[in-house]
Amino acid sequence: MNGAPARNLTAVGLQAAAQYLRDNGGRMQMAYALPRPAGGVEVRYLVAPADPASFALWCCAEDELPSLATIWPLLGWYEREMTDLYGVRFIGHPEPAPLVLPATTPAPFAERRAATVATGKDVLPEIRANDLQVLPFGPVRADVLESAGFSFVYVGEHIVHYHPDLFLKHRGMESRFEGLGTDAGVILAERVSAVGTVAHALAYCQAVEAACGCDVPPRARWLRSLLAELERVYNHLHYFGHLANTTTLRVGEAQGKLLEEQAKQINARLTGSRFLRGLLTPGGLRRDLDLGDWLSPALEALRAATADYVAMLERSDSHLDRLITTGHLSARVAFEQGATGPVQRASGIDRDVRRDHPYAAYADLPLEVPVSQQGDAHARAVVRAEELDNSIAMMQRILLLAPKGEVRTACAPVPGTEGLGWTESPRGSLFYAVHLGAGGRLARVKVKSPSFSNWRVFPSTVHDTNMMDYAINEASFGLTIAGCAR
Amino acid sequence: MALWTFWGLAKGSASTGWPRGAGGDGQEGMLGMPRLDAAACEKDCSACASVCPTEAIRVGDDKSVAIDYGRCVVCQLCTEACPTGAMAPTHDWAFGVARREDLLLGGTRGETVRPTDNQRRAFRRSLHIRHVDAGSCNGCESELQALNNPFYNLHRLGIFFTPSPRFADLLLVTGPVTHAMLEPLRETYAAMAEPRWVIAVGTCAVSGGISGGGYTSGHGLEGVLPVDVYLPGCPPNPAAIIEALLMFLGRVPQRVRAGRQEGARHG
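Chain order of the listed sequences is E and B. The first sequence begins at 854 in my numbering and counts up one residue at a time. The second sequence begins at 7 in my numbering and counts up one residue at a time.
Chain E extracted, bound-state conformation (with noise of 0.2 angstroms):
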């Protein structure tokens, strides 16, 4: 796969291969299933070895593959769900039992169900207490949120056992890139997670762009990468504003949400788009910014504010009182589960795929990533508030250094390629593969978002903690349903 090397693996050199990439430093990022023209499936898993910093894929072809979970606990979603769609059989799975298409899903829609998924519930354990009460929340909860459901454990103040389903929005994106041309895929990917439409865009058109074998003008490159700051920018303060609020820090909540007002309208005045959608296409951008005298001197304001309100909420101890101890994620926990973004660095786990897997301009960007060893609700606080200052200051540089050019080039679809690309959305990591079929249509799109990723770990952070610390706690790890259940 153009943007990483694969190699075919059987089912017995896999369980070898994952120890092995375990037991040396690797990263496994994600798994996916890939129909083959000939029928069947091929199980692909996207690996980042110690050394070199590049990523490695592995191919397994086999009807019955060992289940990774145990070596890599955050195979366990991924398999589940290549289980319910693809009917891929995984042995001696821990939790087997149907992840995004529950077993009770009724016709037509339950068509698209392999025939040989499991059967089994996603039960709660069997825990016995006394005065043990179940608490069944959502999907439909309280002010305008998402929906999910969740259920509680609890005995008084103290949950036992928590457990989300988070799936009752799945939309099936990714089977409604079958059949696209690649730019009309870009207006989908846009529409996967709204708040995260730049990176989720950018991330596919880099798909693309690497099967296509196509090489973006260097000014669109750069507009690339201040296009994803600004996404950063703005989901970052609508953070600060929404955990203000699960604090009932009421001012507090106000300013966040108006800074992240005026960041979205700077979005549109440059954009046409609050949340910068159509612009991103592969091959560069649809049409050129005009970046104006007026966006540094709006972006400075928007740093001073931030930065005093950022200090603000620093010297407020009914606030800090509320975040510090909260929600503690080991780091051992959060690299095993797959947490990803400020989450994982927040845990003390150095990673950043702008700096690591540099793409768009990030390469020629001075870029600082914030590491906290802390681990709790405030560490997850104090490492955003320092990526958004950086964002900033990134975008600043852009502004300067933005070289002149054109914005975009042919990016004819090559018939018969596939593709990965990646980028370090607000969130975290997430990735594209793309494969494109006869006649240069997309085939297969995998998308692997940073909520799948930290909804994984999140309910660790949840047992045996107590009831007034929860909406804290979930709004610390910043997470959204679209892009989990996609």
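Calculated directly from the structure, the hints in this document are not laboratory data. Quick caveat, the model's predicted, so the values are computed rather than measured. Backbone N, C-alpha and C define an ideal beta-carbon position, used for all residues, glycine too. Where hints are given, some of them may not hold.
[Claimed, not checked] Covered by chain B, per the in silico footprint, the following chain E stretches (three or more residues, Cβ under 8 angstroms):
id : stretch
1  : 1025-1033
2  : 1118-1131
[Claimed, not checked] Label-pair restraints from in silico Cβ distances:
id : chain 1 : residue 1 : chain 2 : residue 2 : range
3  : B       : K69       : E       : W1147     : 37 to 45 angstroms
4  : E       : D1170     : B       : S170      : 27 to 35 angstroms
5  : E       : A864      : B       : E107      : 54 to 62 angstroms
6  : B       : E107      : E       : D916      : 50 to 58 angstroms
7  : E       : A1216     : B       : K69       : 28 to 36 angstroms
8  : B       : R172      : E       : P1256     : 56 to 64 angstroms
9  : B       : S170      : E       : D1141     : 45 to 53 angstroms
10 : E       : H1316     : B       : S56       : 18 to 26 angstroms
Since the structure of chain E is already known, use the hints to place chain B on it.
Then chain B, alone, in the frame of chain E:
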């Protein structure tokens, strides 16, 4: 805590007075639905229809172009594909309508829509909304959450989001309605006291949009619930949502008829 209070007071009010008082709508530069000047079309051209990802544009056997704005995701591909500029980008985003037909270009023009029933008029100064996400991409949620930020400050208009459907007058639905969300959506509607109304926010809720159909979803609220206001957009911006809510309450007129926004916006 006292620190924040003084700090907030010192900053002063951040709210716009729009649409009645001073202040803008905050949508400078926002692109809206594309507009067709059929007279400028090239003969036998169907470039716009062939690039439309949601089949919102169709070219009929008689070569006339029909647009269903209820299916438009505002991607602007048609405006780029058009060889003559007949399909042009605009700032027309205030697309809330009471009748689905008013989203069809060339459809029948509806009567002037004013909520004549006394029941609805009684809610003009205090409307409570229950929101249900039935499978959105979170764009609509992001903009709905923005309504309560200090700039739009929805409360100043007497419009509130409420946690319980029991207290809600209006059900606001986003997303194409995935099969797993169908029952929770119906139950929420059933739990609302009468009189009750429904607004479909976003192209997904109006028609399914880009994520309708497939193995997971329906086509928005079509055939699911009776809809009183349709607001396409991908996503509709906060000002468009406010206009649609005020239009529902009879406090501002409906702008769009037969697929055309009347009155120039932003020049």
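Hints, one by one, checked against the model:
| no. | hint | in the structure |
| --- | --- | --- |
| 1 | 1025-1033 | holds (count 5) |
| 2 | 1118-1131 | holds (count 11) |
| 3 | B:K69 with E:W1147: 37 to 45 angstroms | holds, 44 angstroms |
| 4 | E:D1170 with B:S170: 27 to 35 angstroms | holds, 33 angstroms |
| 5 | E:A864 with B:E107: 54 to 62 angstroms | holds, 58 angstroms |
| 6 | B:E107 with E:D916: 50 to 58 angstroms | holds, 53 angstroms |
| 7 | E:A1216 with B:K69: 28 to 36 angstroms | violated, 51 angstroms |
| 8 | B:R172 with E:P1256: 56 to 64 angstroms | holds, 59 angstroms |
| 9 | B:S170 with E:D1141: 45 to 53 angstroms | holds, 49 angstroms |
| 10 | E:H1316 with B:S56: 18 to 26 angstroms | violated, 53 angstroms |
Hints 7 and 10 from the list above are not met by this structure, while the remaining hints are.
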